[in-house]
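S.K.: First to last, the sequence lines map onto chains A and B. Going by this note's numbering, the letters in the first sequence line up with residues 1 to 413, in that order. Going by this note's numbering, the letters in the second sequence line up with residues 1 to 116, in that order.
Among the hints, erroneous ones may be present.
[To be verified] Under the rule of at most 30 Å between Cα atoms (straight-line distance), these lysine-lysine pairs were calculated in the DSS-like manner:
1) Lys159(A) with Lys69(A)
2) Lys69(A) with Lys158(A)
3) Lys2(B) with Lys159(A)
4) Lys57(A) with Lys69(A)
5) Lys31(B) with Lys158(A)
6) Lys31(B) with Lys2(B)
7) Lys69(A) with Lys157(A)
8) Lys157(A) with Lys31(B)
[As the list claims (entries may be wrong)] Estimated spans, in silico, between C-beta atoms of each pair:
9) Pro110(B) with Ser251(A): 48 to 54 Å
10) Ala51(B) with Arg14(A): 52 to 58 Å
11) Glu209(A) with Asn28(B): 31 to 37 Å
12) Thr50(B) with Ala118(A): 34 to 40 Å
[Claimed, not checked] Below, a sample of chain A positions facing chain B; criterion: calculated Cβ distance under 10 Å:
13) Arg168
14) Ala172
15) Asp394
16) Arg397
Calculated directly from the structure, the hints in this document are not laboratory data. Even for Gly, the Cβ is constructed at its ideal location relative to N, Cα and C.
One letter stands for each residue in the lines below.
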Amino acid sequence: MESPVSGAVEAVFREEHGRLLAALVRRFGDLDLAEEVTSAAVEAALVHWPVEGVPSKPGAWLMATARRKAVDRLRRDRTYAAKLALVQVDSVTELPEGAEFPDDRLQLFFTCAHPALAQEARGALTLRCLAGLTTPEVARAYLVPPATMAQRIVRAKKKIREARIPFRVPGADELPGRLPGVLQVVYSIFTEGYVASSGPRLQRADLAEEAIRLARILRRLLPAEREVSGLLALMLLVHARREARTGPDGSVVLLADQDRAGWDAAMIAEGLGLVRVALTGGPAGPYGVQAAIAALHNEAASVDTTDWPQVVALYDVLQVLAPSPVVALNRAVAVAMRDGPAAGLALVDALSGDERLRDYGPFHTARGDLLQRLGRLPEAAQAYGKALDLAGTDPERAHLARRLDGSRGSAVS
Amino acid sequence: MKYMLLINAGAVAEDGSAEGCTVQDWMNYDKAVREAGIFVSGESLADLVTATSVRVGPDGTRTVVDGPFAETREVLGGFYVIDVPDLDVALDWAARCPGALGGGSMVVRPVADFGA
Chain A
1 MESPVSGAVE AVFREEHGRL LAALVRRFGD LDLAEEVTSA AVEAALVHWP VEGVPSKPGA
61 WLMATARRKA VDRLRRDRTY AAKLALVQVD SVTELPEGAE FPDDRLQLFF TCAHPALAQE
121 ARGALTLRCL AGLTTPEVAR AYLVPPATMA QRIVRAKKKI REARIPFRVP GADELPGRLP
181 GVLQVVYSIF TEGYVASSGP RLQRADLAEE AIRLARILRR LLPAEREVSG LLALMLLVHA
241 RREARTGPDG SVVLLADQDR AGWDAAMIAE GLGLVRVALT GGPAGPYGVQ AAIAALHNEA
301 ASVDTTDWPQ VVALYDVLQV LAPSPVVALN RAVAVAMRDG PAAGLALVDA LSGDERLRDY
361 GPFHTARGDL LQRLGRLPEA AQAYGKALDL AGTDPERAHL ARRLDGSRGS AVS
Chain B
1 MKYMLLINAG AVAEDGSAEG CTVQDWMNYD KAVREAGIFV SGESLADLVT ATSVRVGPDG
61 TRTVVDGPFA ETREVLGGFY VIDVPDLDVA LDWAARCPGA LGGGSMVVRP VADFGA
């Protein structure tokens, strides 16, 4: 059973974990040691706080405790200390309890998202180091066995240590090259939560919310970077529709059929404010533009009254900023809404030669939809069939099976 | 911290220069590495057709064969070992190397430290 104090410790821990870890990494230059003493400090809190009460500055208490434990550990283990090439263990001064410590999380963000790390490890490390998730929690989030995730994290940490990936914030000249990588990691955590790539459920809201939480931290750390605001706006505007995206049985509800009253108005309002920030004061970046597209959907009362010419125009901008076959596909769908299914299908078919779309389910779904609307039902059924083969979650499969039946059923009648 | 920069050159022209860079570029790079005080060692390798492989079987028999021959377009053409503070600095030096141009690539490998 959970006591109220252990609940308080957990809440504090989740909030303070990233800051604590980052500050310790900066001081000791070693992620393993920082993690070890962070956990030890939390364990100490679980022993002391129920007896002595939660201190007035819990984060500072945890920090002072963790630093003391790190110094103890390094005094006991001189070889380890020597390996870390620390100047002088004894010179590590103890922080007075209650003292504030600076926020070093930004450098940890850049380390966890370092391009030299495996793509699949970057999100996992970020969730673990900065969102304070445990390895089993990260494993659950990505639907992989805990042992697999543990191995992935160990491997990434070994590379950080042995290849000496630095803990540092890139300089102003490098930032434009490195920030997109950090944003991409946060966004990939979000999209994994938004449409789970596999499993029984369509959405994993926890993961989407963790991504939003991480983007909020990043925005506090980099308030002048408009793409950070753009990313946060995009995620809020999409996440605002979470309740309406699935039916009571977990089935897929398309944008056209969603009950827009069920969208989260407060979240949309916050997202719209951030879109303005992202698009003001200079050329927009890809996240700002995607957020602007999401905003057009959120502001419309229905699919029919959506400002499709504006959506198409924004996709044109996006294709210049961040060209990709998926952007071209989305643009084709928007053109279909503006000019009719035949115009959209012509664009979609023009993309069919791109092998990056061949195994991309939404490409075949979009094609099936346009063909169905044009009454070309046997071809529509074929496209839905392909999409069905590629779908990763049960609700997506059920939805596509229904549409496949629909295109076949009408063909017979 | 020591890193080996393995130079996998792309297409090589008659005069030994890779596509998109000149011999002068290589000389400039080599000078820059040395002047930065990070140079530990480095060599450029003779043409791959001069390579020979040797293997010793469990019974001690030695097998010598011509090659290997390039199976990909990229061929190990040389290396540098540099001593720099961290991977980011090593990657910067790798990116400056002419071997990273013209379809070539650089592989950056930390040198193992056995705590000597």
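S.K.: Next, verify each hint and record whether it holds.
M.R.: So, going through the hints one by one against the coordinates:
1. Lys159(A) with Lys69(A): 25 Å, holds
2. Lys69(A) with Lys158(A): 22 Å, holds
3. Lys2(B) with Lys159(A): 15 Å, holds
4. Lys57(A) with Lys69(A): With a Cα-Cα distance of about 19 Å, the restraint between lysine 57(A) and lysine 69(A) holds, given a limit of 30 Å.
5. Lys31(B) with Lys158(A): Status violated; Cα separation ~33 Å.
6. Lys31(B) with Lys2(B): Roughly 19 Å separates the two Cα atoms, so the pair holds.
7. Lys69(A) with Lys157(A): Since the Cα atoms of lysine 69(A) and lysine 157(A) sit roughly 21 Å apart, the hinted pair holds (cutoff 30 Å).
8. Lys157(A) with Lys31(B): The given pair, whose Cα atoms are some 35 Å apart, is violated under the 30 Å limit.
9. Pro110(B) with Ser251(A): 48 to 54 Å: 51 Å, holds
10. Ala51(B) with Arg14(A): 52 to 58 Å: 57 Å, holds
11. Glu209(A) with Asn28(B): 31 to 37 Å: Violated, since glutamate 209(A) and asparagine 28(B) (Cβ atoms, about 52 Å apart) do not stay within the stated range.
12. Thr50(B) with Ala118(A): 34 to 40 Å: Hint holds: Cβ distance 36 Å, inside 34 to 40 Å.
13. Arg168: Interface hint status for arginine 168(A): holds (7 Å vs cutoff 10 Å).
14. Ala172: Violated - the Cβ of alanine 172(A) stays beyond 10 Å from chain B, reaching only about 15 Å at its closest.
15. Asp394: This interface hint is violated because 42 Å lies over the 10 Å limit.
16. Arg397: Violated, because the Cβ-Cβ distance from arginine 397(A) to chain B comes to roughly 40 Å (cut-off 10 Å).
Consistency note: the structure conflicts with the earlier hints numbered 5, 8, 11, 14, 15 and 16.
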